[in-house]
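Engineer: Chains G and S supply the protein sequences, listed in that same order. Sequential numbering from 115 applies to the first sequence in this note's numbering. Sequential numbering from 115 applies to the second sequence in this note's numbering.
Honestly, the hints are just simulated from the structure, not real lab data. Please note: incorrect hints may appear among the correct ones.
Simulated restraints, written as ranges between beta carbons of each label pair [said to hold, decoys possible]:
1. G:Asp287 x S:Glu386: 43 to 49 Å
2. G:Lys361 x S:Glu276: 55 to 61 Å
3. G:Lys350 x S:Asp287: 53 to 59 Å
4. G:Thr408 x S:Pro404: 15 to 21 Å
Computed from a prediction, not measured in an experiment: that's the story for all the values here. Heads up, the beta-carbon is just placed ideally off N, CA and C, and yes, glycines get one too.
2 protein chains.
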Amino acid sequence: MSQDRSEGDLRATGLALKHDREWDYELDRIVEEVADRDAETVGLQFPEGLKRRGPAVADDLRDELPDDTQVMISGQPCYGACDLDTYLMRRTDVFVHFGHSPMKESDKIIYVPLFSNVDVFPIMEQALESELPAPDEDPEVGLVTTAQHMNKFDEMRGWLEERDYEVHTRKGDERLTHEGQVLGCNYASAEVDADQILYVGGGKFHPLGLAMEHPDKKVVIADPVNNAVHVADTEKFMKQRYASVHKAMDAERWGVIFCTKIGQGRWDQATEIVENNDDAYLITMDEVTPDRLTNFGMDAYVNTGCPRITTDDGPQFKKPMLTPQEYRIAIGEEDLEELAFDTFHGTW
Amino acid sequence: MSQDRSEGDLRATGLALKHDREWDYELDRIVEEVADRDAETVGLQFPEGLKRRGPAVADDLRDELPDDTQVMISGQPCYGACDLDTYLMRRTDVFVHFGHSPMKESDKIIYVPLFSNVDVFPIMEQALESELPAPDEDPEVGLVTTAQHMNKFDEMRGWLEERDYEVHTRKGDERLTHEGQVLGCNYASAEVDADQILYVGGGKFHPLGLAMEHPDKKVVIADPVNNAVHVADTEKFMKQRYASVHKAMDAERWGVIFCTKIGQGRWDQATEIVENNDDAYLITMDEVTPDRLTNFGMDAYVNTGCPRITTDDGPQFKKPMLTPQEYRIAIGEEDLEELAFDTFHGTW
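Work out the full structure, taking the sequences as your base and the hints as a guide.
Structural biologist: Below, the structure is given as structure tokens:
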């Protein structure tokens with residue numbers, strides 16, 4: 115049974131898929147839960163990059179489930195376990211969230227982690243050769259990765275230890291499920307006693323936050339997806355942050371965003387600002403986008419929701435968009451030199 | 115006390131606003147409700163065009179309310195009374211929805227209608243001279259308007275009757291609050307015994323739907339906001355609808371959208387399609403946008419939510435987006451000649 119009809123339905127053609135199935139959707143576990151709970155409705159939520167697989171997963175589930183089970187797919191944007199579709203969750207008997215590790219366990223939710231099957235060791239080898247100091251120079255190295263490669267974490271550690279590195283890892287805080295795991299908003303697992311951190315994973319999103327949160331450490335990126343080794347460079351981003359803070363110093367009216375997504379709310383931080391500034395207004399929303407803010411016509415905004423909207427999407431907003439600490443700097447409560455990456459802790 | 119700080123705060127300058135206050139936000143009624151209910155939190159929701167006034171309204175409210183009352187402004191998009199911010203409504207003691215007439219009364223919600231103070235009669239005069247037949251030719255005329263001009267409806271009727279027209283009006287169905295009122299998705303108030311309908315109001319959005327829903331009638335638009343008279347022309351839109359239906363005829367996989375906005379859900383229509391088509395998938399979302407659908411990679415979509423997303427925004431979607439009836443035409447269950455404007459009835 116193909117789980118990838120999105121690349122063409124091969125069932126009736128006599129052909130087989132040319133490559134191995136990349137993801138294990140754990141359909142058996144879902145089917146079992148539906149039976150156990152006598153569920154009539156099943157909600158499925160996929161992150162953006164996997165939404166295209168949704169219909170094929172729904173097909174395979176419908177083949178296994180009783181005929182009268184209603185399968186629904188969330189069409190809401192989804193960028194993390196902080197971003198559960200609570201509407202669909204409340205209205206379905208079984209709710210399945212794919213692709214992220216649990217931020218908080220709940221009977222209502224089945225989390226299905228999706229692990230990459232890419233081989234990480236060739237690119238780790240390259241990282242060692244080109245960017246990491248040799249173990250006889252500095253053997254201490256921190257090791258972190260994302261949920262996608264978590265299944266290989268112990269192997270990665272062993273591989274480094276075989277090469278005489280002393281590998282430092284930790285679990286981080288309660289927002290993180292696994293030892294060595296990072297999120298785009300939380301790098302507590304990298305608070306280890308080493309001057310260099312090896313990040314194994316795809317893309318620049320996670321290591322950029324990691325480098326901003328730990329500016330004292332060298333962050334070496336071994337990217338097995340794009341087959342590349344980099345050292346994270348935060349300069350461009352830090353310049354953008356300084357520029358935004360400077361622009362916001364003239365602001366008279368502030369929009370203070372409280373994000374209504376289940377794992378992105380920082381109520382105390384949002385209300386504290388509004389209570390202490392008569393020219394600050396509390397605005398509630400789920401998706402924080404330039405269009406939505408433009409309509410309010412404020413001079414500047416403080417985003418207490420996802421920090422990455424502020425740092426990564428910030429330049430797309432027409433008015434300066436600051437983190438809570440950057441706001442305190444802009445109004446003179448803290449010094450510019452103290453500017454640090456905004457991280458998110460706790461769950462909900 | 116100015117209710118319009120968004121155009122510059124004149125309180126401390128000794129100047130007065132040059133024009134009359136345009137809107138009455140009924141702050142006294144809100145303050146009274148807060149006292150009656152001992153409310154600690156107040157949520158305010160404005161339609162897109164009035165969001166810019168939000169901060170000034172919040173200022174005026176905060177001046178009147180006890181110091182510890184928390185005022186919050188909804189940052190969610192809002193296009194009608196069908197589009198209440200249910201998150202904010204559930205989490206505030208008093209929830210105020212500005213600018214739309216009630217779709218359904220509820221103790222939880224204070225609806226504050228906002229009436230335009232523009233003079234409608236000069237443009238009605240012009241409409242009579244240029245587009246409406248003289249009363250001795252055809253005295254029967256239907257009269258409709260939007261919530262914004264509802265406060266002048268009786269005067270409009272009287273004005274036409276003085277000029278010897280026989281004015282036909284009706285209340286429409288339960289989705290409509292007032293006699294003669296139209297919504298973008300419901301023109302039941304225009305089902306009157308007259309071949310011509312006079313629509314008094316701004317913009318082309320409402321009369322376009324009106325003309326599509328009543329193709330047998332001549333729809334004359336008297337637009338006092340833009341000071342213009344037109345006859346509604348649906349040709350371009352109808353061509354787009356035909357083109358979309360034709361393109362969708364080749365679709366193999368269908369995304370069927372169930373809209374989760376409180377007044378935009380048509381569950382029975384959505385589930386009926388999915389139950390009868392193995393290649394149709396139920397997708398739930400609030401805002402229906404091209405970006406959100408692109409990620410699913412279906413061949414065509416059926417939108418059971420707001421009909422105006424389909425007809426007005428349709429061309430922005432990368433794949434054909436059909437109304438439920440258009441879907442039935444595309445799969446051969448109905449004839450193309452039967453194609454009619456999709457309207458929305460009932461509340462929630």
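Engineer: Which hint numbers does the structure go against, in order from smallest to largest?
Structural biologist: As far as the earlier hints go, not one is violated by this structure.
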